[in-house]
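J.: For reference, the chains in residue letters:
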Amino acid sequence: MFDQLTQGFENFFRHLRGHGKLTEDNIRESLREVRRILLEADVNFKVVKQFIQNVQEKALGQEVLRSITPGQLVIKIIHDELVALLGEGVSRLDLSSLPPVPVMVVGLQGSGKTTFIAKLGLHLRRKGKFPLLVAGDVYRPAAIDQLQQLGRQLDLPVWAPGVQDPVDICRDGMAEARRTGRDVVLLDTAGRLHIDEPMMQELARIREALKPPEILYVADGMAGQDAVRAAQEFQQRLDFSGIVLTKLDGDAKGGAALSIRAVTGKPIRFIGTGEKTDALEEFHPDRMANRILGMGDIVSLVEKAQEAVDQDTAEKLAQKLARQEFTLEDFLEQLRQLKKMGPLDQLIGMIPGMGKLKNLQVDEKDMKRTEAIICSMTPEERRKPNLINGSRRKRIAMGSGTRVQDVNQLLNQFDQIKGMMRRMGKMKGRSGMPFPFP
Amino acid sequence: MSLFGKLKEKLVKTQQAFGDSIRRVLSSHPRIDEDLYAELEEALLTADVGVQTAEDILQALRDKVRRASAMSDDNAANVRALLGEVIAEMMAPAARENGLNLSARPAVILVVGVNGSGKTTTIAKLARKFQQDGRRVLLAAGDTFRAAASEQLSMWGDRLGLPVISQGAGADPAAVAFDALQAAKARGVDLLIIDTAGRLHNKANLMQELSKIGRVLKKLDADAPHEVLLVLDANTGQNMVQQARVFQDISGVTGLVVAKLDGTAKGGAVISVCHELNLPVRFIGLGEKMDDLDEFDPEAFARVLLGEPEARA
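Chains as they are written, first to last, in the numbering used here: chain A, 71 to 508; chain B, 1145 to 1457.
Chain A extracted, bound-state conformation (with noise of 0.2 Å):
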């Protein structure tokens, strides 16, 4: 689902690698591109104006880390800044009031609430709570036949008593609730346009009546532009207290979480992900904020890099790199520091546009006979390579366990490396990966 966008967003970041400082001009570029990928991905227009405008005056005069490409620090400020608009952290339902508490579900038709209210009864449930599913939607031909299906089917007791003013059905249900011992009622209302308003007055009086200390909104996960409007209304009438987003199984971006949640402010509390009704999953900010951007987890890759490489060895290999003096002892350097880092699949799977990759087998074995054949090898040998020939080709292999072929084969492939550090080393003022592969 990544694809569309992450094809994007590697042009981005292609275009951003070549720059090796943060300048006014190379951001508005950039930045030019993230707009494009923001507003393909549904973001509201205005949201994302504002948006391009903190993370410019947030790059603007920032240093550069000397692990991280300048593109890099450019991408985790908009990441960062993404999951700052999003939310901090995961956010739950506040059920502590007197029970049984009320939960009121609103949103426009074809959102997916009823379905929505069938996962948060079976969620609920999972954590011990006893809900109670109330049948308030009573315009929608079969909505109430579809709710006690939906009850049915997950063993959960659902009040519907039918064609009445839902206003009463959902005191009701509340009575009821209380009588069966229920501590949590879910009310499902009838779907309706922001601009209905005496369905938005219907609303406002359940809300008037019970009083719900949550109101969950539920907005389709690929809705566009008009979504924060929408939104809006519902939240000027209802005061809602929490966002929903459905249908986040298809390949929509969700960009209406980041406009709903930036121009309501209300956390986003639950996202449905499938047909099946244990498809909801709590919201976490950072995952939708990758989402949204098409990226791997290129901030984590980044907080690795900086975790793992200690900056006084790639300074060193930088002075080395200039004078051209990359050793076998400086690959082995460099693979350890890798490994540091973590299982190479895992890493792999964080570097933008490698997901397609995934499915390579990145063979860690590969990487330990490397090490255990440069391991065999005299100090000598790995600072001039070229003392080895065949007998010595021989020694090192039967020490490493390996064949000679695959002594022959690093050898080679330690003067490709060379031959492409040195190349990058002519490039002048740049701080790129310490790595030079894989």
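FYI, nobody ran anything at the bench for these hints, they're computed from the structure.
Computed from a predicted structure; not experimentally measured.
Ideal Cβ positions, reconstructed from N, Cα and C, are used throughout, including at glycine.
Don't take each hint at face value.
Derived contacts from chain B toward chain A, CB cut-off under 8 Å, selection only [to be verified]:
1) 1276
2) 1300
3) 1304
4) 1381
5) 1406
On the provided structure of chain A, position chain B as indicated by the hints.
T.: Quick look at chain B alone, frame taken from chain A:
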């Protein structure tokens, strides 16, 4: 009431939102300059038109402005008219000359779409429309997955006085479709409309199920389904194009129905769908009442979208 009048009345919110912003842009820019284009771009993007299509529209607009040799003093009105032309042209290749291909007896319409786009309601409205045209209509409850979906269709059937073919929940939708077509032939009805379960277009298995429905229908009638209508939610953003593309690939969509255009959503993504996939919009849903389904006219749509002055209406 004329179609345009009705469309206009129903789209009044849309018009206020989008047309007003266009009008504002144009009246605040007596001269045609880069600022004007930037603000037009904003108006288009806010209407869900999408970045690429907005760029294409503006490019076409620039060409038109350049070609329009003698611009009168009233630049604003001119640019609006030209923008309307551009949008109508983008949707026009998709507005096929002929109407729906329903000459066969029985003709079969398969209705597909993602969850919650408004398929079942659209089917009720379609059935009502054809019923009023004097056709005998049969409905098939092919959504055997969602709880109470077939009940929902049956209720509409009751209200309209139309027969509905359904099997229990969990039945094979292809079997329902097959039975329904057999029944349609036996009863000599004019039109069979088949509902399907909502499915996200990236669920490969569910999409396969759709193509199976098509294959099974062909066993009874090599030309069935005669029309495959994809129902799109006007609130949907840029994902709409992808939805349409996949549904087109798999189930051979022949036309679009845009539902829920009665809110403030502008449905601008539909322009991208028409433009990129060359699919005609057949109907638009403008409300919750049964009669709120109208045939689509790209020029009227563009005019209303842009807030055309009364005189032209």
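J.: Any hints from earlier that this structure breaks? Give me their numbers in increasing order, please.
T.: Violated: hints 1 and 3.
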